[in-house]
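Protein chains: 4
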Amino acid sequence: MITFENDYSCGAHPAVLQRLIETNLIPQPGYGFDTFSESAREKIRAACGCPGAEVYFLSGGTQTNAVVLASILKPWEGVIAAQTGHIHVHEAGAPEALGAKVLALPEHEGKLNPAEIRALASALLKDENVEHMVYPGAVYISHPTEWGTLYTRRELEAISAVCREFGMRLYLDGARLAYGLAARDTDVDLPLIASLCDAFYIGGTKCGALCGEAVVFPRRTPAHFVNFIKKHGALMAKGRLCGVQFDALFTDGLYFALGKQGVETAETLKTILAKHGIPCYMDTPTNQQFAIMENQRYNAIRERVPVGFWSNPDPAHTIVRFATAWYTTEEYLTELDTALG
Amino acid sequence: MITFENDYSCGAHPAVLQRLIETNLIPQPGYGFDTFSESAREKIRAACGCPGAEVYFLSGGTQTNAVVLASILKPWEGVIAAQTGHIHVHEAGAPEALGAKVLALPEHEGKLNPAEIRALASALLKDENVEHMVYPGAVYISHPTEWGTLYTRRELEAISAVCREFGMRLYLDGARLAYGLAARDTDVDLPLIASLCDAFYIGGTKCGALCGEAVVFPRRTPAHFVNFIKKHGALMAKGRLCGVQFDALFTDGLYFALGKQGVETAETLKTILAKHGIPCYMDTPTNQQFAIMENQRYNAIRERVPVGFWSNPDPAHTIVRFATAWYTTEEYLTELDTALG
Amino acid sequence: MITFENDYSCGAHPAVLQRLIETNLIPQPGYGFDTFSESAREKIRAACGCPGAEVYFLSGGTQTNAVVLASILKPWEGVIAAQTGHIHVHEAGAPEALGAKVLALPEHEGKLNPAEIRALASALLKDENVEHMVYPGAVYISHPTEWGTLYTRRELEAISAVCREFGMRLYLDGARLAYGLAARDTDVDLPLIASLCDAFYIGGTKCGALCGEAVVFPRRTPAHFVNFIKKHGALMAKGRLCGVQFDALFTDGLYFALGKQGVETAETLKTILAKHGIPCYMDTPTNQQFAIMENQRYNAIRERVPVGFWSNPDPAHTIVRFATAWYTTEEYLTELDTALG
Amino acid sequence: MITFENDYSCGAHPAVLQRLIETNLIPQPGYGFDTFSESAREKIRAACGCPGAEVYFLSGGTQTNAVVLASILKPWEGVIAAQTGHIHVHEAGAPEALGAKVLALPEHEGKLNPAEIRALASALLKDENVEHMVYPGAVYISHPTEWGTLYTRRELEAISAVCREFGMRLYLDGARLAYGLAARDTDVDLPLIASLCDAFYIGGTKCGALCGEAVVFPRRTPAHFVNFIKKHGALMAKGRLCGVQFDALFTDGLYFALGKQGVETAETLKTILAKHGIPCYMDTPTNQQFAIMENQRYNAIRERVPVGFWSNPDPAHTIVRFATAWYTTEEYLTELDTALG
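Protein chains in written order, with this note's numbering: chain A, 1 to 341; chain B, 1001 to 1341; chain C, 2001 to 2341; chain D, 3001 to 3341.
Among the clues, some could well be false.
Claimed, not checked - No farther apart than 27 Å at their CA atoms in a straight line, the calculated lysine-lysine pairs in the DSS-like style are these:
1) C:Lys2074 x C:Lys2126
2) B:Lys1126 x B:Lys1074
3) B:Lys1074 x C:Lys2074
4) A:Lys74 x D:Lys3074
5) A:Lys260 x A:Lys43
6) C:Lys2260 x C:Lys2270
What the hints assert, rightly or not - Stretch-level coverage of chain C by chain B, calculated; a stretch enters the list once three of its residues show a Cβ under 8 Å from a Cβ in chain B:
7) 2071 to 2084
8) 2130 to 2140
9) 2143 to 2154
Don't read these hints as lab results, they were simulated from the structure.
Computed from a prediction, not measured in an experiment: that's the story for all the values here.
Glycine included, each C-beta is placed from N, C-alpha and C at the ideal position.
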């Protein structure tokens, strides 16, 4: 059985699972006060080059976005995001459920443009009716984006500079960060992210763990962040579950190796698609590839190869997402090649 | 290393972990559409004697309470709970964060009294200013309660009848349900709970799983419940994580066996406490025992045996919680005996 | 002293004030149960040709929008509005504070396009991930719009049809409705609005009253609407204050006469602007006129004539809002003419 | 026609209405930037002996409580109030709708006890699980209370001291403050309240105005308070409406004179009740009197004299509220005397 439907189709990377097995019956305090979580935090701090960072583990991405935004936004503030941003489109209004309006800007291959952020923040803050409006309190970016694209160092620096200029916090959603860090030509690494963002999360669920995301506050942690976690139902009694997994992921570079596996299989996948004359919707350097397929071909293949429906750019074609991951093997790719043949 | 600090100190029961290992690399759809979740749902329906029930898996208890309450309450309604109810005291205001006021009633060994529920509901609904007040929309009970006590069949029937009389929904928090079902003289079982409650959850985190609670709607599921789950950040991408675990827990009666282990070790624990002249604060038939210890003794023992601080009934004494669980072995009890000696 | 800054610069129309004086010391029940409110409701029902309508009085527009939206939206729904919609831009995130996401669409001279509403609703409801998204539950339109423009009967019918097709409610914000109803070539009247909308409000604050808006539910009132009003702090103890005023406004066609005064003075104002070579940003049939002025001229005039700053279309020009109202007299217009000369 | 049903049965005091008439057609900026509001603010600052205070006008009490609490509480905090507190019982869950849990304490003739506040705050803040709980962020008191009783200077000082000790803000709901300040033996005046509270409001609706409450922040105003007002739909376009009224109320001591009228008529009312052998439920020094009447007598009188039903202490008796106000004349009292005869 193979799949390209998404990047959360299998359980945990075997090394992560092995660590859960080994530690299973060692009693530990709850709520993240266990030694495994502490060890994981220490390793993440090191990987970020940020000895003073605070790290928290939550179980999923939407939850993480909601809790972090609730904690970094003031009641009068909203968050700037791309039209395609996950928080704007695919989180069922979770930020708004906590009272935070999403201030949407156009997307450019999934990315925000620094000049457009500046223009919006500037217009809002200069408006003499600003007290009647939602203040721009934070900027949300995803890296990789929902289109699998990546910001460059220069772009992140520019966005971070705009944030500092207007007193906005910069928050990076790293649900698929492993694949972003492993991309071939990227000049963005964890220490850079830690130096430019006020908060970000290192995705576990889509990058080798059963569940779990690691929230990093490189400098200043919002007051009473644990209370925010608890209040939003996101405090795990067995905090060890995430701690153990992230401890394994950040041992011997496993997290980065898993990212590499996802990216390299995506490169091969691109070659296979090209070989079969299937164009990509956009050039994407990470583990998600968006192919434009004739409907007939799409319908034929999806019986044998689970893929993700994205949209219909015109009545005759479908944009299809092929996602690779740490568990995508040679066999997966060979079968796809055969299926397309 | 031993502990009586709580009932979530270890990982998963080995049989649960084994199932995670076996299924780890079998690709499955996300968000609970996997075959393991479906199998678990089927087994839970059978155990509840409720073939038409809908079952959902969430990762933790506070989250589950918040999501279920948000979905079963109308905007003008609140929820009746005991002063000691977990939602009233220990969830950081999570129900209120979703706009649901907790209408607190006195507790009787952790339990609500049906007559007091009726009096409150009746007073509110007869008040000519009721539109200025919070309507009683649901009753929250925990079983076992926060004091480890249990409702009887007769008590549950009486509360359920009051709920029906006033159009309120009955919701049961079963964080420790395994231990409640396994108590020696209880006449409450899963089919009874399913027949009397509008919603309840079968606790996994404290009863053998790494994480996860199974929400059961025996009859009518709230409209768009999945949207509520997603909106509150509680929809797991890898729904299989809970599905696999609950499938294991409800195979060959494991869930009930784990409950029995917790209750039997608690019985032995009571004997040990009695032998050492330590009285219990209340007679409790489940896995939590609340002992009254002189402060000196408490301070001496907690170095060797992790226990839970509860409160100080007077300056010289401490109420201490001893929690057993599926992982509490003979060795734990022997060491406690020695430590108290 | 004159002003064109906005349409809420003076107190109440003298006939409205007179009615407050006459009724001042007649004791009445609170919360809208007074006879004046009842009389006003009856007159509004008649004016709407809707004997079965329910009518409620709230004190201001943002509040009214928030309370009505909270009551007509389900927890999983959001509201479609134009990018320029008051609820999207100038209500400080009030809908989101109640958990309701605004789903923004492009504006066309302040108006929504029925085809674009259909496309959005259709795309959302057909999406297989719709449970991860915000459902389209209602459409918000303002009439007149924020640009002072008006929907035609045909446009309203088309939007209403889309709403019925997708089970969405149609809500009309009539903050300046008097001026809309009095426009020269409009084919939209109160009975039409009542027949097409599920909820709307007849603005008082900007149309002759000291404060107050009349919410009309032509057919079905949301359950426990009074509780929504109270919960959002919008239930006036002295409901008579709004009741008396709306009773006066809907006696002998006063409301319509005031609208006519605002529109006719706006027509004269347009002539004056044209005479002085000042173009309008768009052709607007109601009481708000948006003029494009050279910055120098704008700066010169605003010392003598208070007007509203709108935006800078380019560095050398300013869009300026001139608002007329029921209190705009000949004298106002003459002085403006002089000031521009 | 007479009434004792409540203290908001008539319109505005004639002097207040007169001021509305005089200022009606003088154009002014909106949103409280008018000269009348500024004048009123200045007079209130003087009456409070607090030249640096900030003053805001909102239209009603429930709204004011919600907006102030939202602005002074942090997201992890709740508010301590008496079981009988208006925010806890009669505001339809408005604080909770903004996410603020009410932490209820026993009432003592409607009042909070400083020692009980200290015990609760201390217990919460010392609890090692405090991050799982709602922090005590503010104390809500009403003065007069819902039972018409008053705090003494000493009691207010003690509560204020507890607040300072635990970093809680003290907020006073003065819906009926005029009657509290005018009570015979009170040692509490506006400067004292301003010196002890972090926020309070001077009630207008029940003390001579058509609507309106004046929020006073004697020292530090919450950041972006206007945005809170707007976001909660409480910013009046015609801020002048409240400004003019409070300007009149604080001219020549009118506010205090109205309070005196209410209190003196209440004293006479007490005499009349006593003369007719009707006991009071509690000794109350302000404008609300709670009488214990046999049901038969209550039913007989309420046809002729509107009064407020409160509760049934036993099946044969009713507690009835008689409210006097600035509009209660000799005639009202004479008719009551006759009706009881």
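Status of the hints after comparison with the structure:
{"no.": "1", "hint": "C:Lys2074 x C:Lys2126", "result": "19 Å, holds"}
{"no.": "2", "hint": "B:Lys1126 x B:Lys1074", "result": "19 Å, holds"}
{"no.": "3", "hint": "B:Lys1074 x C:Lys2074", "result": "9 Å, holds"}
{"no.": "4", "hint": "A:Lys74 x D:Lys3074", "result": "9 Å, holds"}
{"no.": "5", "hint": "A:Lys260 x A:Lys43", "result": "19 Å, holds"}
{"no.": "6", "hint": "C:Lys2260 x C:Lys2270", "result": "15 Å, holds"}
{"no.": "7", "hint": "2071 to 2084", "result": "holds (count 4)"}
{"no.": "8", "hint": "2130 to 2140", "result": "holds (count 3)"}
{"no.": "9", "hint": "2143 to 2154", "result": "violated (count 0)"}
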